[in-house]
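Based on the hints, put chain B with the ligands in the right spot on chain A.
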Amino acid sequence: MIPGAFDYHRPASLGEAITLANELGDDARVLAGGHSLIPMMKLRMAVPEHLIDLADIDDLKGIDERDGTLQIGAMTSQAEIIGSGLLAERCPILRETAEQIADPQIRNVGTIGGNVANGDPGNDMPALMQALNASYALTGAGGTREVPARNFYEAAYFTALEPGEVLSAIHIPIPPAGHGYAYEKQKRKVGDYATAAAAVLLTMEGGVCTSASIALTNVGDTPLFAEAAGAALVGSAFDEGAVGAAVSAAEAIASPAEDGRGPVDFRTRVAGVMVRRAIGRAASRAR
Amino acid sequence: MSKMHVKMTVNGKPQEALAEPRTLLIHFLREELNLTGPHIGCDTGHCGACTVDLNGKSVKSCTMFVAQANGADVTTIEGIAAPDGTLHAIQDAFREHHGLQCGFCTPGMITRAYRLLQENPSPSEEEIRVGISGNLCRCTGYQNIVKSISAAAETMAASREAAE
Ligand SMILES: Cc1cc2nc3c(=O)[nH]c(=O)nc-3n(C[C@H](O)[C@H](O)[C@H](O)COP(=O)(O)OP(=O)(O)OC[C@H]3O[C@@H](n4cnc5c(N)ncnc54)[C@H](O)[C@@H]3O)c2cc1C
Ligand code: FES
Ligand code: FES
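Chains A and B are the protein sequences, given in the same order.
Numbering-wise (the numbering used here), the first sequence opens with residue 1178 and increments by one.
Numbering-wise (the numbering used here), the second sequence opens with residue 44 and increments by one.
One chain only, chain A, in its complex shape (with noise of 0.2 Å):
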């Protein structure tokens, strides 16, 4: 299959790259890896005539920590998400979360901007970003805002972001020393979508839930901050009264599409399994 005819632009500096999509207006889309935007063009999902390749780019590279928050460029790719010692040590869950994206090819190549900008509801690093309340900063010919992670998805491939804006970086608030964390993913295979997946950061005191914050892959429009799940945990020392209340929670907010993964209830049920899975393991690394 061959993607539609398109016009190349190669910017080398942020501004020239918003100065362009501001421009080319509706006609342009930006480019970053090209792993979800490349099998769309492919199929005539997205016919852009203008492309604007952020890869030259040094403006969006980087892990960085400053003042107790992470800030990650937006082409940084999942490779190098996986490679940093830096966030091995303050938020190990994002390792653990973009290990279970697609493969080593594909990891190399695709960026965690494009995965969290992209809008897909399969996609895995929107909902623990979510879960970790990142925010995203999006740089158009205005300036600079941030906008939190849990407001920027309305809808499949409707998310915060207006035409001629990037998003630049993404940034993190680094979780207690001693959190616990876990990302849970139903695949059928590898390189496949979630079939649910979960994301869990919880801190404890003396065997008693103090925090946690939950969020869901793939089972909705958008990813889902369950937001009362993570209520349902706190003050509890994860009995099963507690733990099967988060699920409870979760799965009520859970709404699949049936498709080929399996019909509704069983991916609502998935949901469940992986949020139950994903407390026993965060709660089981707390410190």
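Accuracy of the hints is not assured; some may be wrong.
Distance condition first, Cα-Cα at most 20 Å in a straight line; then the derived PhoX-like pairs of lysine-lysine [to be verified]: (1) B:Lys56 <-> B:Lys100; (2) B:Lys100 <-> A:Lys1238; (3) A:Lys1219 <-> B:Lys46.
Stretch-level coverage of chain A by chain B, calculated; a stretch enters the list once three of its residues show a Cβ under 8 Å from a Cβ in chain B [to be verified]: (4) 1181-1195; (5) 1280-1287.
Hints are computed from structural coordinates only; laboratory data are not their basis.
Just so it is clear, the structure is predicted and the values come from calculations on it, not from any experiment.
Glycine included, every Cβ here is placed at the ideal spot set by N, Cα and C.
Chain B with the ligands only, in chain A's frame:
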């Protein structure tokens, strides 16, 4: 939608051509440069038959525009053996251990293994399986592929030691 001037180094040789930016790297390699070693299996990024080495990383060339690879250093299966035709240790090992049957996946498998063994010169069986998880084989059941890559890792370690 004009053509662009594309330059890249492929298997050590500088190459230049005019191409539409939308040309997929796999089509550029196969049709413009006549390097038909990398195969098109699925055309969707799943099977890995089109795997090439790009700036020292394994990538799937069916899901990359030639424009993105402009200026890159590319190695395909044609560039893995020595210039005099002597097979690479990985190629020898695939032959020795029956790491192929129909051979369709083999160029991608070997090109991936070539990079994997540079990233991790002595991988465990599990690490090999994860490392080639983006390459599908419909024939072998993978067992002999894993054996071949393991054996190649040992041969390569031995020849590194001998060189020291
Ligand atoms: C076989 C296969 C299996 C996969 N499996 C998974 C999986 O299991 N889980 C998963 O999460 N993903 C999976 N993916 C998708 C992969 O992770 C993509 O790399 C990712 O979704 C998009 O990132 P990209 O850098 O490739 O972006 P692109 O494809 O270049 O862009 C995607 C979209 O985001 C927009 N965009 C990109 N960057 C920015 C930016 N900085 N600012 C504004 N807009 C931007 C683009 O305009 C485009 O609309 C898979 C892909 C393939 C081919
Ligand atoms: S042809 Fe590229 S991954 Fe299958
Ligand atoms: S040998 Fe036939 S597909 Fe692998």
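Evaluated hints:
Taking the CA atoms of Lys56 (chain B) and Lys100 (chain B), the gap is near 18 Å; set against the 20 Å cutoff, the hint holds. Proximity of Lys100 (chain B) to Lys1238 (chain A) is assessed by CA-CA distance (about 17 Å); at most 20 Å being required, the pair is judged to hold. For the given pair, Lys1219 (chain A) sits about 19 Å from Lys46 (chain B) by alpha-carbon distance, which is consistent with the 20 Å threshold. Three residues within the 8 Å Cβ limit are the bar, and the stretch 1181-1195 of chain A against chain B gives 6, so the coverage statement holds.
Chain B is given as covering the stretch 1280-1287 of chain A, and this holds because 6 residues of the stretch bring a CB closer than 8 Å to a CB of that chain, at least three being needed.
When each numbered hint is compared with the structure, no violation occurs for any of them.
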